[in-house]
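Residue numbers (the numbering used here): 1 to 365.
Wrong hints could be hidden among the right ones.
Claimed, not checked - Label-pair distances were calculated between CB atoms; the ranges are:
(1) P94 <-> N115: 41 to 49 Å
(2) E331 <-> Q41: 51 to 59 Å
(3) V294 <-> G39: 47 to 55 Å
(4) D48 <-> S110: 20 to 28 Å
To be verified - Only pairs whose alpha carbons sit at most 27 Å apart, straight line, appear in this in silico BS3-like list of lysine-lysine:
(5) K257 <-> K210
(6) K252 <-> K359
(7) K318 <-> K346
(8) K148 <-> K177
(9) K346 <-> K359
(10) K118 <-> K252
(11) K44 <-> K249
(12) K252 <-> K288
(13) K62 <-> K257
(14) K148 <-> K249
(15) K44 <-> K62
(16) K148 <-> K118
(17) K177 <-> K152
(18) K125 <-> K257
(19) K252 <-> K210
(20) K44 <-> K252
(21) K148 <-> K252
(22) K152 <-> K44
(23) K62 <-> K118
(24) K210 <-> K243
(25) K243 <-> K346
(26) K288 <-> K243
(27) K257 <-> K243
(28) K243 <-> K155
(29) K62 <-> K177
(30) K62 <-> K125
(31) K346 <-> K249
(32) K62 <-> K148
(33) K177 <-> K155
(34) K118 <-> K177
(35) K152 <-> K118
(36) K177 <-> K243
Keep in mind that the hints were calculated from the coordinates and are not lab data.
Even glycine gets a Cβ: it sits at the ideal position worked out from N, Cα and C.
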Amino acid sequence: MPRIYLDYNATCPIRPEVIEIVRETMTNHGNASSIHADGRQARKIVEDARAAVAGMVGASAKQVIFTSGASESNNTILRGFEDYRILISAIEHPSVYFCGRNVEIIPVNSNGLINLEKLEDLLQKSDQPTLVSVMMANNETGVIQPVKEITKLAKGYNATVHTDAVQAAGRFEVDFKDLDVDFMSLSAHKMGGPQGVGALIMRQGLNPPKFMYGGGQERRQRAGTENVSGIAGFGVAADLAVKEIEDFKALKTLREKMESHMRSSSNRVTIYGIDAPRVSNTIACTVKDMDSAVFMMNLDLEGVSISTGAACSSGQVKPSRVLMAMGVPEELAKTGLRISMGWDTKEAEIDRFLEIWTKLIQRLD
């Protein structure tokens, strides 16, 4: 039987339309910086994609800088503002969490939402220039942060604001202008685009120190020949995500079906973030007294791809940093699992997954 892929938050299966445009544009020989006809054709491809990505998040095309991915975008900001005092949430992606200097952590509550009172306390502590970096939707739990409210609070203390919107853009409506953030990181492969392509959206007039040197590409903000075919794929993926955003939201029905079944399958199962706004495709859970790596491997043998919430390193399972930040005990946080759906998920696949889940859970009880 075909495999069941439920790891969209790690990477999304590439869209057929994206494969088509990538293949087509790879036959173009032009460098987008060249002024001859081949170069101009490449430039048009890049600029069309730039407009599509900008449109997806309510920005203007001239605010979009293409990068190699969201990790580079995040590093550009965290390193660019490394002399600032940096406030980040306890649940940020590693490319933010382990990147900056002078970092202070904003705690979250048991549902994974930022504690706004603690954020304000931190903002009040110092008049030093401050960067606040908070992800819009968490990659592990799907919990959506009140970024507009966070930004309003931070701007009241003259802070600069960055948001990692990788798990949000194309999954629900995101408006860069309305959010009033200064910087936003995006990734192509989380919406069915190619891996190795991302973007940094920047408020006009704010130019952080360059992260890449050696050329004038991307409005002199990011040196290096543009990945024309990858960028073209990003543009198509962005267009498709916008057109199908209601379909993505409808995945909530399948998520609720899974969560209900999973909780009824065993009293060992706990679902996280259920009392907070969440992206419609994501489930984070723990299964008490279970080895998450072994359970995931058993699912893999049954033809199902999911993710552990915990980190596996050198044969040892480490507890999920995100779940521990939410107050989950260390031993329980080691049993974390993440299930995430996307554009090609079918209800029949979910039904088969739940049959397999029940069989494996019953072995524990």
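ask   = Which numbered conditions among the earlier hints are violated in the structure presented, ordered from lowest to highest?
value = Hint check: 1, 4, 5, 7, 10, 11, 13, 18, 19, 20, 22, 23, 24, 26, 28, 30 fail, others pass.
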